[in-house]
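A.B. asks: Listed below are the residues making up each chain.
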Amino acid sequence: MPRPFTPKVVTGNALLEGDVVYLAEDDSWTRELSRAEVLTDEAHAAVRLLDAQRRPNEAVGVYLADVAPEAEGPEPTHFREEFRRTGPSNYFHGKQAQRQSPEFS
Amino acid sequence: MYRYSEFDAAYVAKRNTEFRAQVERRIDGALTEDEFKPLRLMNGLYLQLHAYMLRVAVPYGTLDARQMRQLAYIAQRWDKGYGHFTTRQNIQFNWPQLRDVPDMLDALAQVEMHAIQTSGNTIRNVTADHFAGAAADEIADPRPVAELIRQWSTDHPEFQFLPRKFKIAVTGAPNDRAVTAAHDIGLRIVKNDAGEIGYQVLVGGGLGRTPMIGKVIADYLPEADLLPYLEAIVSVWNLLGRRDNKYKSRIKITVHEHGIDEIRSLVDARFAELKPAFKGIDQEMLSEIRAAFAPPAFREASTEGYEAARAADPAFRSWADTNLTAHRAPGYAIVQISLKAHGATPGDATSEQMRVMADLAERYGHDELRVSHEQNIVLPHVHKGDLPALYAELKRHGLATANIGRISDIIACPGMDYCALATARSIPIAQEIATRFQQLRNEEDIGDLKIKISGCINACGHHHVGHIGILGLDRAGVENYQITLGGDHTEAASLGQRTGPGFAAEEVVPAIERIVGRYLELRDSAEESFIEAYRRLGMAPFKEALYDDAPERKDKAHAA
Numbered sequence: 001m002p003r004p005f006t007p008k009v010v011t012g013n014a015l016l017e018g019d020v021v022y023l024a025e026d027d028s029w030t031r032e033l034s035r036a037e038v039l040t041d042e043a044h045a046a047v048r049l050l051d052a053q054r055r056p057n058e059a060v061g062v063y064l065a066d067v068a069p070e071a072e073g074p075e076p077t078h079f080r081e082e083f084r085r086t087g088p089s090n091y092f093h094g095k096q097a098q099r100q101s102p103e104f105s
Numbered sequence: 001m002y003r004y005s006e007f008d009a010a011y012v013a014k015r016n017t018e019f020r021a022q023v024e025r026r027i028d029g030a031l032t033e034d035e036f037k038p039l040r041l042m043n044g045l046y047l048q049l050h051a052y053m054l055r056v057a058v059p060y061g062t063l064d065a066r067q068m069r070q071l072a073y074i075a076q077r078w079d080k081g082y083g084h085f086t087t088r089q090n091i092q093f094n095w096p097q098l099r100d101v102p103d104m105l106d107a108l109a110q111v112e113m114h115a116i117q118t119s120g121n122t123i124r125n126v127t128a129d130h131f132a133g134a135a136a137d138e139i140a141d142p143r144p145v146a147e148l149i150r151q152w153s154t155d156h157p158e159f160q161f162l163p164r165k166f167k168i169a170v171t172g173a174p175n176d177r178a179v180t181a182a183h184d185i186g187l188r189i190v191k192n193d194a195g196e197i198g199y200q201v202l203v204g205g206g207l208g209r210t211p212m213i214g215k216v217i218a219d220y221l222p223e224a225d226l227l228p229y230l231e232a233i234v235s236v237w238n239l240l241g242r243r244d245n246k247y248k249s250r251i252k253i254t255v256h257e258h259g260i261d262e263i264r265s266l267v268d269a270r271f272a273e274l275k276p277a278f279k280g281i282d283q284e285m286l287s288e289i290r291a292a293f294a295p296p297a298f299r300e301a302s303t304e305g306y307e308a309a310r311a312a313d314p315a316f317r318s319w320a321d322t323n324l325t326a327h328r329a330p331g332y333a334i335v336q337i338s339l340k341a342h343g344a345t346p347g348d349a350t351s352e353q354m355r356v357m358a359d360l361a362e363r364y365g366h367d368e369l370r371v372s373h374e375q376n377i378v379l380p381h382v383h384k385g386d387l388p389a390l391y392a393e394l395k396r397h398g399l400a401t402a403n404i405g406r407i408s409d410i411i412a413c414p415g416m417d418y419c420a421l422a423t424a425r426s427i428p429i430a431q432e433i434a435t436r437f438q439q440l441r442n443e444e445d446i447g448d449l450k451i452k453i454s455g456c457i458n459a460c461g462h463h464h465v466g467h468i469g470i471l472g473l474d475r476a477g478v479e480n481y482q483i484t485l486g487g488d489h490t491e492a493a494s495l496g497q498r499t500g501p502g503f504a505a506e507e508v509v510p511a512i513e514r515i516v517g518r519y520l521e522l523r524d525s526a527e528e529s530f531i532e533a534y535r536r537l538g539m540a541p542f543k544e545a546l547y548d549d550a551p552e553r554k555d556k557a558h559a560a
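Quick note, the sequences are listed as chains C and E, same order.
FYI, my numbering numbers position 3 of the first sequence as 3, with every residue one higher than the one before it.
FYI, my numbering numbers position 393 of the second sequence as 393, with every residue one higher than the one before it.
Read the hints as simulated data drawn from the structure, not as lab findings.
Don't be surprised by glycine CBs; every beta carbon is placed ideally from N, CA and C.
It is possible that part of the hints are untrue.
[Said to hold, decoys possible] Taking lysine to aspartate or glutamate pairs in the EDC-like style, the calculated list, with each CA pair at most 20 angstroms apart, reads:
(1) E/K215 <-> E/D261
(2) C/K95 <-> C/E82
(3) E/K37 <-> C/E58
(4) E/K80 <-> C/E17
(5) E/K215 <-> E/D225
(6) E/K37 <-> C/E82
(7) E/K80 <-> E/D106
(8) E/K191 <-> E/D176
(9) E/K37 <-> C/D19
(10) E/K80 <-> C/D19
[Unchecked claim] Cβ pair distances, simulated, as ranges:
(11) E/L520 <-> C/D41: 58 to 66 angstroms
(12) E/A21 <-> C/Q53: 19 to 27 angstroms
(13) C/S89 <-> E/A21: 32 to 40 angstroms
(14) C/D27 <-> E/R209: 38 to 46 angstroms
(15) E/G538 <-> C/E82: 37 to 45 angstroms
(16) E/L537 <-> C/Q96: 24 to 32 angstroms
(17) E/E506 <-> C/G73: 23 to 31 angstroms
(18) E/T435 <-> C/T77: 40 to 48 angstroms
(19) C/R3 <-> E/A13: 48 to 56 angstroms
(20) E/S287 <-> C/S89: 26 to 34 angstroms
(21) E/D244 <-> C/D27: 39 to 47 angstroms
(22) C/E42 <-> E/L537: 53 to 61 angstroms
(23) E/N245 <-> C/T77: 26 to 34 angstroms
(24) C/E82 <-> E/L440: 25 to 33 angstroms
Throw the hints in and build the complete structure from the sequences for me.
C.D. replies: Okay, here's the thing in structure tokens:
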């Protein structure tokens with residue numbers, strides 16, 4: 001029996017900055033996992049991944065990452081995605097630091 | 001030090017112009033990522049977990065103050081004010097933006113540096129003993145031949161699309177500090193019975209998924225035969241190497257599958273074809289290069305100040321006892337600057353620290369610095385009379401940690417804090433171990449003990465050759481760490497053996513404590529090092545300490 005489809009988000013790295021981005025429902029790229037579009041239907045997820053792949057000059061290496069939908073938005077289910085949405089553990093750099101800047105979206 | 005010829009400078013400048021245009025074409029959409037990726041990798045640019053990463057070669061680990069200052073400038077101008085020194089004597093910048101990389105490469109070219117062939121299926125930065133040109137035990141300086149190999153291998157038309165990456169290391173001393181046995185080719189400078197300099201050549205070493213100790217393919221190769229012989233080895237592998245399977249493509253697998261004797265006869269046959277094409281120009285070049293590595297003018301001066309400081313200041317004495325190594329010139333010492341302050345990220349230096357080290361190299365160290373594969377910085381030539389002043393400056397800038405060769409002098413790859421290939425984090429494990437043993441205050445008692453940590457099976461952190469090796473894996477969605485014991489990175493190279501089932505992240509420090517505790521109980525004297533005790537006692541007592549003495553571990557170990 002095929003494994004049941006688990007919720008996903010489309011994610012990759014921004015071409016220019018190299019940082020982690022997620023595809024939002026309005027087709028914008030967001031730096032915040034909580035604003036990413038949660039995909040619960042397998043066929044729709046495949047279409048959204050194709051949408052993202054058609055924008056190779058904005059994001060690189062896009063793929064579907066597992067998430068757990070929570071009240072505050074999607075949460076990572078694997079530690080790699082937790083690190084990607086946070087930044088490194090040895091310095092306060094990356095997403096965790098950007099989050100404090102006003103223009104961060 | 002070797003200075004770029006007009007040819008070198010023009011080549012690097014042309015390459016940078018070319019890459020600048022490639023970056024522009026990628027940004028305006030003329031190049032796809034699939035087209036651009038091999039081009040950026042050829043120029044040392046990776047896309048990692050959180051950002052791009054630029055890997056810059058420090059050829060055979062040698063730098064002058066001007067170059068170190070430029071690295072500091074690049075880190076501050078285009079990155080986050082620090083750089084990470086790696087186990088391949090490179091420096092990595094973790095946060096560049098794509099548009100800035102061409103400017104960073106131009107800034108490197110200003111000081112005769114580049115990022116060419118720091119990635120891709122090419123011959124990578126040639127590494128060497130970090131004490132080259134200074135060590136008391138040295139037969140000859142390995143850097144001239146390393147530079148010759150750099151020139152030969154850079155953009156070598158036959159070797160731009162190898163089956164996989166290819167790494168060469170050179171040592172000029174019988175005490176192997178360049179881990180030559182864990183390289184695709186390891187070169188050891190030796191003397192024959194007539195007193196002539198030549199090379200013992202090892203082939204097929206490597207760590208990673210399938211670790212192998214290199215095998216001797218030539219016991220004594222005359223100096224003039226070196227380049228054609230290297231070309232013969234790489235050429236034989238270029239044809240035989242497994243391009244069908246990434247995990248079987250390195251030369252270690254080729255040597256393993258065909259046997260060293262068959263490889264040797266193929267190399268000999270290829271060498272016979274190639275040798276006539278080398279008409280001695282390589283040897284002329286080598287002698288010019290050698291002149292560039294003439295030793296500095298060592299001065300004769302009193303070492304009284306050094307002896308007085310040793311007697312007066314226990315902290316200085318402790319630093320001197322751990323961080324200095326015997327120099328070949330009277331009155332001189334080799335100084336290691338530890339980039340392993342307890343709790344800090346192994347191998348990281350801030351721009352300010354880089355500038356301090358550059359200034360000190362200029363003031364006290366004949367303008368020379370080295371990057372060690374153990375992720376520390378070396379001032380190879382310091383007169384002992386200058387050591388107290390040098391130490392005071394290092395201390396002021398947080399660079400006087402007295403722990404070289406100790407349990408907190410840990411090699412750690414960037415792991416999943418940065419690396420896209422990693423399966424678990426390495427840095428926090430290193431930070432926790434170092435911090436814990438600092439609290440226990442028994443590092444000096446424990447003595448020489450090398451812990452090496454990798455965050456995936458590719459083994460950038462050399463875990464297989466650590467006295468204690470730690471390998472981070474993803475086990476069912478949780479970080480899990482396997483421990484190996486008994487590895488050795490020296491001329492007596494050996495691979496560590498797995499103790500048994502792995503440990504959760506929070507179990508690693510207590511596990512290391514149990515191993516070290518058992519060693520302290522069982523060593524026959526304080527002079528018997530951990531690795532010596534392990535060789536005498538074997539795995540059993542350590543395994544017992546790890547699993548049987550920890551009730552929560554016992555059942556798991558016997559179930560596995």
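A.B. asks: Any hints from earlier that this structure breaks? Give me their numbers in increasing order, please.
C.D. replies: 6, 16, 18, 20
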